[in-house]
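Can you make the complete structure from the sequences, with help from the hints?
In my numbering, the protein residues as written are 96 to 504.
Certain hints may be false.
Claimed, not checked - Here are the simulated EDC-like cross-link-like pairs (lysine to aspartate or glutamate), alpha carbons at most 16 angstroms apart as the crow flies:
1. Lys-306 / Asp-430
2. Lys-224 / Asp-430
3. Lys-170 / Glu-282
4. Lys-224 / Asp-433
5. Lys-306 / Asp-433
Claimed, not checked - What follows is a set of in silico ranges between Cβ atoms, one per label pair, in the way DEER data are often shown:
6. Ala-303 / His-101: 35 to 41 angstroms
7. Thr-393 / Asp-430: 30 to 36 angstroms
8. Pro-281 / Trp-134: 44 to 50 angstroms
9. Arg-374 / Gly-107: 21 to 27 angstroms
10. Ile-279 / Ser-225: 19 to 25 angstroms
11. Ile-279 / Pro-158: 22 to 28 angstroms
12. Ala-471 / Ser-98: 56 to 62 angstroms
13. Ser-98 / Asp-129: 46 to 52 angstroms
14. Leu-484 / Val-278: 44 to 50 angstroms
15. Gly-257 / Trp-277: 29 to 35 angstroms
16. Ala-471 / Ala-394: 16 to 22 angstroms
17. Ser-195 / Glu-370: 22 to 28 angstroms
18. His-101 / Leu-405: 43 to 49 angstroms
19. Ser-98 / Gly-192: 51 to 57 angstroms
Because the hints were derived from the structure by calculation, they are not lab data.
The beta carbon of each residue, even a glycine, is placed where N, CA and C say it ideally should be.
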Amino acid sequence: MNSSGHISFLVGTMCLAQILGMVGYNLWPAMIPDFIERWNLTSGTAGWIGGIYYFGYLVAIWPLSNLTDRIDPKKIYMFSMVLTIIAPLGFALTAGGFWSAALWRCVQGIGLAGTYMPGLKLLTDIVPKSAQSRTVAWYTSFFYVGAALSLSYGTNLNTYLGWRWIWMFSAIGPTIAVLMVWVIIPEAPFKTERKTDRSLFDLLPILANRKVIGFTIAYSAHTAEIMGFYTWIIAFLTFSQGMHHSGILANSLGIGTIASTVTLLAVPASILGNEAARRFGKLKVLRIVMFGSAVVSTALGFSASLPFLLILGIIVVYGITVAADSAIITAGMVDAADPSHRGTVMAFYSLVGFFGGFIGPVIFGYMLDLGGGETAPFGWRLGFISLALMVCLGPVAIYYGNRGARKID
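Listed below in C-alpha coordinates is the structure:
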(Lines of atoms letter the chains of each structure in order from A; the text may use other names.)
(Lines give C-alpha, C1' and ligand atoms only; values in the text may rest on other atoms or scores of the structure.)
Protein backbone atom coordinates (compact mmCIF):
# COMPACT_ATOMS: atom_id res chain seq x y z
CA MET A 96 0.00 0.00 0.00
CA ASN A 97 3.01 2.30 0.41
CA SER A 98 4.42 1.64 -3.07
CA SER A 99 5.48 4.73 -4.99
CA GLY A 100 2.85 4.05 -7.64
CA HIS A 101 0.05 3.82 -5.09
CA ILE A 102 1.23 6.98 -3.32
CA SER A 103 1.39 8.85 -6.63
CA PHE A 104 -2.15 7.69 -7.45
CA LEU A 105 -3.52 8.99 -4.14
CA VAL A 106 -1.68 12.30 -4.45
CA GLY A 107 -2.84 12.66 -8.05
CA THR A 108 -6.44 11.97 -7.05
CA MET A 109 -6.36 14.64 -4.34
CA CYS A 110 -4.71 17.13 -6.70
CA LEU A 111 -7.39 16.53 -9.35
CA ALA A 112 -10.15 16.81 -6.74
CA GLN A 113 -8.63 20.10 -5.61
CA ILE A 114 -8.73 21.46 -9.18
CA LEU A 115 -12.35 20.38 -9.68
CA GLY A 116 -13.36 21.85 -6.34
CA MET A 117 -11.88 25.23 -7.31
CA VAL A 118 -13.84 25.86 -10.52
CA GLY A 119 -15.72 28.69 -8.79
CA TYR A 120 -12.69 29.99 -6.89
CA ASN A 121 -11.64 32.83 -9.21
CA LEU A 122 -14.97 33.73 -10.77
CA TRP A 123 -15.18 37.00 -8.86
CA PRO A 124 -11.71 38.25 -9.89
CA ALA A 125 -12.43 37.11 -13.46
CA MET A 126 -15.53 39.31 -13.61
CA ILE A 127 -14.55 42.27 -11.41
CA PRO A 128 -14.65 44.87 -14.23
CA ASP A 129 -18.15 43.73 -15.24
CA PHE A 130 -19.50 43.63 -11.70
CA ILE A 131 -18.05 47.06 -10.83
CA GLU A 132 -20.05 48.48 -13.72
CA ARG A 133 -23.13 46.26 -13.29
CA TRP A 134 -23.60 46.92 -9.57
CA ASN A 135 -21.98 50.38 -9.42
CA LEU A 136 -19.27 49.24 -7.00
CA THR A 137 -16.17 51.15 -5.93
CA SER A 138 -12.77 49.45 -6.11
CA GLY A 139 -12.85 49.20 -2.33
CA THR A 140 -16.19 47.39 -2.17
CA ALA A 141 -15.15 45.11 -5.04
CA GLY A 142 -12.01 44.35 -3.05
CA TRP A 143 -14.17 43.50 -0.03
CA ILE A 144 -16.14 40.94 -2.04
CA GLY A 145 -12.82 39.51 -3.21
CA GLY A 146 -11.43 39.47 0.32
CA ILE A 147 -14.59 38.24 2.09
CA TYR A 148 -13.89 34.82 0.58
CA TYR A 149 -10.88 34.62 2.87
CA PHE A 150 -12.87 35.95 5.81
CA GLY A 151 -15.10 32.89 5.42
CA TYR A 152 -11.93 30.83 5.33
CA LEU A 153 -10.71 32.51 8.52
CA VAL A 154 -13.96 31.89 10.38
CA ALA A 155 -13.99 28.18 9.55
CA ILE A 156 -10.37 27.07 9.32
CA TRP A 157 -9.69 26.80 13.05
CA PRO A 158 -12.49 24.37 13.98
CA LEU A 159 -12.43 22.44 10.70
CA SER A 160 -8.68 21.91 10.42
CA ASN A 161 -8.21 21.47 14.16
CA LEU A 162 -10.79 18.68 14.19
CA THR A 163 -8.59 16.64 11.84
CA ASP A 164 -6.51 15.73 14.92
CA ARG A 165 -9.66 14.19 16.40
CA ILE A 166 -11.67 12.71 13.53
CA ASP A 167 -10.89 11.43 10.04
CA PRO A 168 -9.91 14.39 7.80
CA LYS A 169 -11.83 12.75 4.97
CA LYS A 170 -15.14 13.46 6.75
CA ILE A 171 -14.24 17.14 7.14
CA TYR A 172 -13.22 17.27 3.49
CA MET A 173 -16.44 15.70 2.20
CA PHE A 174 -18.69 17.99 4.26
CA SER A 175 -16.82 21.09 3.11
CA MET A 176 -16.84 20.08 -0.54
CA VAL A 177 -20.65 19.94 -0.33
CA LEU A 178 -20.57 23.60 0.79
CA THR A 179 -18.41 24.30 -2.26
CA ILE A 180 -21.23 22.90 -4.39
CA ILE A 181 -23.95 24.94 -2.66
CA ALA A 182 -22.17 28.34 -2.65
CA PRO A 183 -21.95 29.04 -6.42
CA LEU A 184 -25.52 27.83 -6.86
CA GLY A 185 -26.63 30.33 -4.22
CA PHE A 186 -24.62 33.10 -5.90
CA ALA A 187 -26.12 32.29 -9.30
CA LEU A 188 -29.69 32.27 -8.03
CA THR A 189 -29.72 35.17 -5.54
CA ALA A 190 -26.74 37.56 -5.94
CA GLY A 191 -27.74 41.08 -6.96
CA GLY A 192 -25.36 43.42 -5.17
CA PHE A 193 -22.70 43.78 -2.51
CA TRP A 194 -24.33 41.98 0.43
CA SER A 195 -25.72 38.96 -1.39
CA ALA A 196 -22.50 38.50 -3.36
CA ALA A 197 -20.42 38.82 -0.19
CA LEU A 198 -22.57 36.22 1.60
CA TRP A 199 -22.05 33.49 -0.99
CA ARG A 200 -18.38 34.32 -1.47
CA CYS A 201 -18.00 33.91 2.28
CA VAL A 202 -19.64 30.46 2.11
CA GLN A 203 -17.25 29.56 -0.71
CA GLY A 204 -14.37 30.50 1.58
CA ILE A 205 -15.73 28.23 4.31
CA GLY A 206 -15.75 25.40 1.78
CA LEU A 207 -12.09 26.02 0.95
CA ALA A 208 -11.24 26.05 4.66
CA GLY A 209 -12.54 22.51 5.00
CA THR A 210 -10.92 21.14 1.85
CA TYR A 211 -7.51 22.75 1.33
CA MET A 212 -5.61 22.19 4.60
CA PRO A 213 -7.73 19.21 5.74
CA GLY A 214 -6.98 17.69 2.33
CA LEU A 215 -3.27 18.24 2.94
CA LYS A 216 -3.62 16.74 6.43
CA LEU A 217 -5.33 13.70 4.90
CA LEU A 218 -2.45 13.28 2.45
CA THR A 219 0.31 13.70 5.03
CA ASP A 220 -1.44 11.09 7.19
CA ILE A 221 -1.56 8.66 4.25
CA VAL A 222 1.93 9.00 2.76
CA PRO A 223 5.18 8.06 4.55
CA LYS A 224 7.31 10.84 6.03
CA SER A 225 9.97 10.43 3.34
CA ALA A 226 7.42 11.47 0.70
CA GLN A 227 5.82 14.34 2.61
CA SER A 228 7.94 17.25 1.33
CA ARG A 229 7.26 16.50 -2.32
CA THR A 230 3.62 15.64 -1.56
CA VAL A 231 3.21 19.08 0.02
CA ALA A 232 4.90 20.72 -2.99
CA TRP A 233 2.68 18.99 -5.54
CA TYR A 234 -0.55 19.45 -3.60
CA THR A 235 0.02 23.14 -2.85
CA SER A 236 1.19 23.75 -6.42
CA PHE A 237 -2.01 22.31 -7.88
CA PHE A 238 -3.89 24.98 -5.96
CA TYR A 239 -2.62 27.33 -8.65
CA VAL A 240 -3.77 25.00 -11.43
CA GLY A 241 -7.26 25.23 -9.97
CA ALA A 242 -6.95 29.01 -9.63
CA ALA A 243 -5.77 29.38 -13.24
CA LEU A 244 -8.44 27.16 -14.75
CA SER A 245 -11.13 28.94 -12.72
CA LEU A 246 -9.89 32.29 -14.03
CA SER A 247 -9.86 31.00 -17.60
CA TYR A 248 -13.33 29.48 -17.22
CA GLY A 249 -14.80 32.73 -15.89
CA THR A 250 -13.21 35.13 -18.36
CA ASN A 251 -13.59 33.06 -21.53
CA LEU A 252 -17.18 31.93 -20.98
CA ASN A 253 -18.24 35.40 -19.87
CA THR A 254 -18.41 36.30 -23.57
CA TYR A 255 -20.87 33.52 -24.40
CA LEU A 256 -22.92 32.86 -21.26
CA GLY A 257 -24.65 35.05 -18.73
CA TRP A 258 -22.79 35.37 -15.45
CA ARG A 259 -25.49 33.46 -13.54
CA TRP A 260 -25.06 30.42 -15.80
CA ILE A 261 -21.29 30.55 -15.36
CA TRP A 262 -21.63 30.46 -11.58
CA MET A 263 -24.24 27.70 -11.72
CA PHE A 264 -22.18 25.42 -13.98
CA SER A 265 -19.15 25.84 -11.71
CA ALA A 266 -20.90 23.60 -9.15
CA ILE A 267 -20.34 20.59 -11.43
CA GLY A 268 -16.61 20.47 -10.61
CA PRO A 269 -16.91 20.04 -6.83
CA THR A 270 -19.72 17.53 -7.36
CA ILE A 271 -17.32 15.30 -9.29
CA ALA A 272 -14.57 15.96 -6.71
CA VAL A 273 -16.64 14.82 -3.74
CA LEU A 274 -17.54 11.58 -5.54
CA MET A 275 -13.88 10.94 -6.43
CA VAL A 276 -12.64 11.36 -2.87
CA TRP A 277 -15.50 9.32 -1.45
CA VAL A 278 -14.74 6.35 -3.72
CA ILE A 279 -10.93 6.43 -4.04
CA ILE A 280 -9.32 7.98 -0.95
CA PRO A 281 -9.12 5.72 2.14
CA GLU A 282 -9.66 6.86 5.69
CA ALA A 283 -6.55 8.33 7.25
CA PRO A 284 -4.53 5.93 9.43
CA PHE A 285 -2.79 6.70 12.73
CA LYS A 286 -6.09 7.04 14.56
CA THR A 287 -4.37 6.75 17.94
CA GLU A 288 -2.81 10.17 17.33
CA ARG A 289 -6.29 11.67 17.34
CA LYS A 290 -6.88 10.65 20.94
CA THR A 291 -6.08 13.83 22.80
CA ASP A 292 -7.20 15.61 25.94
CA ARG A 293 -6.16 18.99 24.57
CA SER A 294 -8.78 21.69 24.21
CA LEU A 295 -9.81 22.51 20.66
CA PHE A 296 -8.46 26.03 21.29
CA ASP A 297 -5.19 25.08 22.99
CA LEU A 298 -2.51 27.26 21.40
CA LEU A 299 0.38 26.43 23.74
CA PRO A 300 1.97 23.75 21.52
CA ILE A 301 2.00 26.27 18.67
CA LEU A 302 3.11 29.38 20.52
CA ALA A 303 6.02 27.44 22.03
CA ASN A 304 7.28 26.55 18.55
CA ARG A 305 9.10 29.59 17.17
CA LYS A 306 9.75 27.98 13.82
CA VAL A 307 6.03 27.39 13.25
CA ILE A 308 5.27 31.00 14.22
CA GLY A 309 7.87 32.29 11.77
CA PHE A 310 6.61 30.18 8.88
CA THR A 311 3.01 31.13 9.72
CA ILE A 312 3.65 34.87 9.57
CA ALA A 313 5.57 34.36 6.33
CA TYR A 314 2.62 32.44 4.91
CA SER A 315 0.32 35.34 5.80
CA ALA A 316 2.62 37.75 3.98
CA HIS A 317 2.81 35.42 0.97
CA THR A 318 -0.96 34.96 0.88
CA ALA A 319 -1.63 38.71 1.12
CA GLU A 320 0.64 39.29 -1.86
CA ILE A 321 -0.54 36.47 -4.09
CA MET A 322 -4.27 36.91 -3.44
CA GLY A 323 -3.98 40.65 -3.92
CA PHE A 324 -2.26 40.01 -7.25
CA TYR A 325 -4.70 37.33 -8.42
CA THR A 326 -7.75 39.36 -7.39
CA TRP A 327 -6.70 42.43 -9.36
CA ILE A 328 -4.75 41.02 -12.32
CA ILE A 329 -7.73 41.04 -14.71
CA ALA A 330 -8.56 44.65 -13.83
CA PHE A 331 -4.90 45.67 -14.21
CA LEU A 332 -4.59 44.00 -17.62
CA THR A 333 -7.83 45.68 -18.71
CA PHE A 334 -6.47 49.06 -17.57
CA SER A 335 -3.09 48.49 -19.26
CA GLN A 336 -4.75 47.44 -22.51
CA GLY A 337 -6.93 50.56 -22.42
CA MET A 338 -3.89 52.81 -21.96
CA HIS A 339 -2.33 51.46 -25.15
CA HIS A 340 -5.60 51.56 -27.11
CA SER A 341 -4.49 48.98 -29.69
CA GLY A 342 -3.96 46.08 -27.27
CA ILE A 343 -3.22 43.74 -30.20
CA LEU A 344 -1.58 41.08 -28.05
CA ALA A 345 -4.29 41.20 -25.40
CA ASN A 346 -7.03 41.07 -28.02
CA SER A 347 -5.48 38.11 -29.86
CA LEU A 348 -4.80 36.02 -26.76
CA GLY A 349 -7.56 37.31 -24.51
CA ILE A 350 -6.94 38.95 -21.14
CA GLY A 351 -8.38 35.90 -19.38
CA THR A 352 -5.98 33.58 -21.19
CA ILE A 353 -3.02 35.79 -20.31
CA ALA A 354 -4.04 35.92 -16.64
CA SER A 355 -4.67 32.17 -16.51
CA THR A 356 -1.30 31.40 -18.09
CA VAL A 357 0.46 33.65 -15.59
CA THR A 358 -1.38 31.90 -12.75
CA LEU A 359 -0.32 28.49 -14.11
CA LEU A 360 3.31 29.57 -13.85
CA ALA A 361 2.84 29.14 -10.10
CA VAL A 362 2.88 25.35 -10.50
CA PRO A 363 6.47 24.92 -11.76
CA ALA A 364 7.54 27.94 -9.69
CA SER A 365 6.29 26.39 -6.45
CA ILE A 366 7.66 22.91 -7.19
CA LEU A 367 11.06 24.17 -8.37
CA GLY A 368 11.21 26.59 -5.46
CA ASN A 369 10.81 23.66 -3.07
CA GLU A 370 13.51 21.68 -4.91
CA ALA A 371 15.85 24.68 -4.69
CA ALA A 372 15.17 24.91 -0.96
CA ARG A 373 16.02 21.23 -0.53
CA ARG A 374 19.37 21.85 -2.23
CA PHE A 375 20.36 25.31 -0.97
CA GLY A 376 18.34 25.70 2.24
CA LYS A 377 14.89 27.11 2.99
CA LEU A 378 15.99 30.37 4.59
CA LYS A 379 18.38 31.40 1.84
CA VAL A 380 15.94 30.65 -0.97
CA LEU A 381 13.03 32.35 0.80
CA ARG A 382 15.02 35.55 1.32
CA ILE A 383 15.92 35.71 -2.37
CA VAL A 384 12.42 34.89 -3.59
CA MET A 385 10.38 37.10 -1.25
CA PHE A 386 12.56 40.20 -1.40
CA GLY A 387 12.90 39.70 -5.16
CA SER A 388 9.12 39.47 -5.47
CA ALA A 389 8.77 42.81 -3.67
CA VAL A 390 11.06 44.42 -6.25
CA VAL A 391 9.10 42.95 -9.17
CA SER A 392 5.76 44.02 -7.64
CA THR A 393 6.98 47.60 -7.33
CA ALA A 394 8.25 47.55 -10.92
CA LEU A 395 4.87 46.28 -12.12
CA GLY A 396 3.12 49.15 -10.37
CA PHE A 397 5.19 51.66 -12.37
CA SER A 398 4.88 49.79 -15.68
CA ALA A 399 1.49 50.95 -16.97
CA SER A 400 2.96 53.43 -19.48
CA LEU A 401 5.45 50.91 -20.89
CA PRO A 402 4.82 48.91 -24.09
CA PHE A 403 2.25 46.20 -23.43
CA LEU A 404 4.68 43.41 -24.33
CA LEU A 405 7.11 44.65 -21.66
CA ILE A 406 4.28 44.85 -19.12
CA LEU A 407 3.44 41.26 -19.96
CA GLY A 408 7.07 40.25 -19.39
CA ILE A 409 7.06 41.81 -15.91
CA ILE A 410 3.76 40.07 -15.11
CA VAL A 411 5.26 36.72 -16.16
CA VAL A 412 8.25 37.25 -13.85
CA TYR A 413 5.90 38.28 -11.04
CA GLY A 414 3.75 35.21 -11.65
CA ILE A 415 6.86 33.15 -10.89
CA THR A 416 8.22 35.05 -7.88
CA VAL A 417 4.82 35.46 -6.24
CA ALA A 418 4.42 31.66 -6.00
CA ALA A 419 7.96 30.28 -5.72
CA ASP A 420 7.89 30.60 -1.93
CA SER A 421 4.57 28.81 -1.36
CA ALA A 422 5.63 25.17 -1.10
CA ILE A 423 8.83 26.08 0.76
CA ILE A 424 6.90 27.85 3.51
CA THR A 425 4.28 25.11 3.85
CA ALA A 426 6.87 22.31 3.80
CA GLY A 427 8.79 24.20 6.48
CA MET A 428 5.68 24.37 8.63
CA VAL A 429 4.93 20.65 8.19
CA ASP A 430 8.53 19.75 9.06
CA ALA A 431 8.53 21.99 12.15
CA ALA A 432 5.19 20.75 13.51
CA ASP A 433 4.83 17.88 15.99
CA PRO A 434 2.88 15.12 14.17
CA SER A 435 0.66 14.55 17.22
CA HIS A 436 -0.94 17.98 16.81
CA ARG A 437 -0.17 18.74 13.17
CA GLY A 438 -3.85 19.39 12.47
CA THR A 439 -3.91 22.11 15.12
CA VAL A 440 -0.73 23.63 13.69
CA MET A 441 -2.24 23.57 10.19
CA ALA A 442 -5.38 25.24 11.52
CA PHE A 443 -3.35 28.05 13.10
CA TYR A 444 -1.13 28.30 10.02
CA SER A 445 -4.13 28.66 7.74
CA LEU A 446 -5.99 30.99 10.10
CA VAL A 447 -3.14 33.48 10.31
CA GLY A 448 -1.97 32.80 6.77
CA PHE A 449 -5.26 33.38 5.04
CA PHE A 450 -5.86 36.51 7.09
CA GLY A 451 -3.37 37.85 4.58
CA GLY A 452 -5.57 36.53 1.79
CA PHE A 453 -8.45 38.51 3.29
CA ILE A 454 -6.64 41.82 3.75
CA GLY A 455 -4.45 41.71 0.62
CA PRO A 456 -7.21 42.33 -1.96
CA VAL A 457 -8.96 44.81 0.36
CA ILE A 458 -5.84 46.90 0.99
CA PHE A 459 -5.03 46.85 -2.72
CA GLY A 460 -8.56 48.06 -3.52
CA TYR A 461 -8.38 50.91 -1.03
CA MET A 462 -4.92 51.92 -2.27
CA LEU A 463 -6.38 51.94 -5.77
CA ASP A 464 -9.19 54.26 -4.65
CA LEU A 465 -6.71 56.43 -2.74
CA GLY A 466 -4.66 56.86 -5.90
CA GLY A 467 -7.61 57.82 -8.10
CA GLY A 468 -9.34 54.54 -8.92
CA GLU A 469 -8.84 51.77 -11.47
CA THR A 470 -8.33 54.27 -14.31
CA ALA A 471 -5.46 56.14 -12.61
CA PRO A 472 -1.81 54.98 -12.98
CA PHE A 473 -0.97 56.32 -9.50
CA GLY A 474 -3.61 54.07 -7.95
CA TRP A 475 -1.99 50.97 -9.45
CA ARG A 476 1.41 52.11 -8.18
CA LEU A 477 0.07 52.34 -4.65
CA GLY A 478 -1.66 48.98 -4.97
CA PHE A 479 1.43 47.07 -6.07
CA ILE A 480 3.67 48.87 -3.57
CA SER A 481 1.30 47.70 -0.82
CA LEU A 482 1.82 44.09 -1.95
CA ALA A 483 5.59 44.62 -1.95
CA LEU A 484 5.58 45.91 1.61
CA MET A 485 3.44 43.00 2.81
CA VAL A 486 5.63 40.25 1.32
CA CYS A 487 8.77 41.77 2.87
CA LEU A 488 7.44 40.75 6.30
CA GLY A 489 7.89 37.08 5.37
CA PRO A 490 11.67 36.59 5.40
CA VAL A 491 11.98 38.82 8.47
CA ALA A 492 9.50 36.64 10.39
CA ILE A 493 11.22 33.41 9.34
CA TYR A 494 14.63 34.78 10.33
CA TYR A 495 13.47 35.62 13.85
CA GLY A 496 11.49 32.37 14.11
CA ASN A 497 14.54 30.27 13.29
CA ARG A 498 17.06 32.29 15.31
CA GLY A 499 17.74 30.37 18.50
CA ALA A 500 15.25 27.68 17.51
CA ARG A 501 17.31 25.40 15.33
CA LYS A 502 16.07 22.23 16.97
CA ILE A 503 12.47 21.74 18.04
CA ASP A 504 10.96 18.46 19.14
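Range first: 22 to 28 angstroms. Now tell me if the beta carbons of Ile-279 and Pro-158 are that far apart.
26 angstroms, holds
At the C-beta level, are Arg-374 and Gly-107 separated by a distance inside 21 to 27 angstroms?
Since Arg-374 and Gly-107 have Cβ atoms about 25 angstroms apart, the given range 21 to 27 angstroms holds.
Given the hint of 29 to 35 angstroms, check if Gly-257 and Trp-277 actually sit that far apart at their C-beta atoms.
32 angstroms, holds
Hint check: Lys-170 vs Glu-282, CA-CA at most 16 angstroms. Holds or violated?
Roughly 9 angstroms separates the two Cα atoms, so the pair holds.
May I ask you to test the hint 56 to 62 angstroms on the CB atoms belonging to Ala-471 and Ser-98?
58 angstroms Cβ-Cβ, so the 56 to 62 angstroms window holds.
Cβ distance range 44 to 50 angstroms for Leu-484 and Val-278, holds or violated
At roughly 46 angstroms between Cβ atoms, Val-278 and Leu-484 fall inside 44 to 50 angstroms, so the hint holds.
Verdict for His-101, Leu-405 (Cβ pair) under range 43 to 49 angstroms
47 angstroms, holds
Sort out whether Asp-430 lies within 16 angstroms of Lys-224, counting only the CA atoms.
9 angstroms, holds
Hint check for Glu-370 and Ser-195 - Cβ pair distance inside 22 to 28 angstroms
The hinted range 22 to 28 angstroms is violated for Ser-195 and Glu-370, with Cβ atoms some 44 angstroms apart.
Just tell me: holds or violated, for the beta carbon distance of Thr-393 and Asp-430 against 30 to 36 angstroms?
32 angstroms Cβ-Cβ, so the 30 to 36 angstroms window holds.
Ala-303 versus His-101 beta-carbon gap, inside 35 to 41 angstroms or not:
Hint holds: Cβ distance 36 angstroms, inside 35 to 41 angstroms.
For the range 16 to 22 angstroms, tell me whether the beta carbons of Ala-471 and Ala-394 fit it or not.
Since Ala-471 and Ala-394 have Cβ atoms about 18 angstroms apart, the given range 16 to 22 angstroms holds.
In summary, the structure is inconsistent with hint 17 from the numbered list given earlier, while agreeing with all the others.
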